[in-house]
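Sequential numbering from 17 applies to the sequence shown in the numbering used here.
Just so you know, the hints here were simulated from the structure itself, not pulled from any lab data.
In this text, a Cβ means the ideal position worked out from N, Cα and C, and glycines have one as well.
Hints may contain errors.
[Stated by the list, open to error] Label pairs and their calculated CB-CB ranges:
1) 95 to 27: 40 to 48 Å
2) 94 to 59: 21 to 29 Å
3) 37 to 74: 39 to 47 Å
4) 25 to 86: 46 to 54 Å
5) 41 to 84: 23 to 31 Å
6) 74 to 32: 46 to 54 Å
7) 28 to 63: 29 to 37 Å
8) 70 to 36: 39 to 47 Å
9) 93 to 40: 17 to 25 Å
10) 62 to 34: 39 to 47 Å
11) 31 to 83: 38 to 46 Å
12) 25 to 59: 46 to 54 Å
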Amino acid sequence: MVLLSGLLLPLAPARGAAWVAGRIADTAERQLTDPAPVHAQLAELHQVLEDGEIGTEEFEAEEERLLRLLRDRLAAASPAPVKRPSGRH
């Protein structure tokens, strides 16, 4: 058992680095696919329009951009559809 531990110990930093890299990748993916920040930006945009800080044209342009971003995030977060073979069984 000691021999096995001695052989695996030098691999610990590499395994630790791989684990950290995996956590970073998971966090980045969640941030890129999370719709909550876009929903918050849309709510803020509506408030800015109601307060008269921006005009309708500017509002519509920004709303369109945010809705496109939201659609992209939701598409990225949902699993790809499964293709079923065509034909009868």
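Okay, the hints, checked on the actual structure:
Between residue 95 and residue 27 the beta carbons are some 33 Å apart, a value that contradicts the proposed interval 40 to 48 Å. Distance hint check for residue 94 and residue 59: the Cβ-Cβ separation is about 23 Å, which falls inside the suggested range of 21 to 29 Å. Hint check: residue 37 to residue 74, Cβ distance near 41 Å, so the stated range 39 to 47 Å holds. Here the CB-CB span from residue 25 to residue 86 is close to 48 Å, well matched to the stated 46 to 54 Å.
Between residue 41 and residue 84 the C-beta distance comes to about 25 Å, which sits within the given range of 23 to 31 Å. A C-beta distance of roughly 49 Å is found between residue 74 and residue 32, which places it inside the suggested range of 46 to 54 Å. The hinted range of 29 to 37 Å is not satisfied by residue 28 and residue 63, whose Cβ atoms lie roughly 51 Å apart. A hinted range of 39 to 47 Å holds for the C-beta pair residue 70 and residue 36, which are about 42 Å apart.
The supplied range of 17 to 25 Å is met by residue 93 and residue 40, whose beta-carbon atoms lie about 18 Å from each other. For the hinted restraint 39 to 47 Å between residue 62 and residue 34, the CB-CB distance of approximately 44 Å keeps it satisfied. For residue 31 and residue 83, the Cβ-Cβ distance of about 43 Å falls inside the hinted range of 38 to 46 Å, so the restraint holds. A C-beta distance of roughly 52 Å is found between residue 25 and residue 59, which places it inside the suggested range of 46 to 54 Å.
Of the numbered hints given earlier, the model fails hints 1, 7; all others are met.
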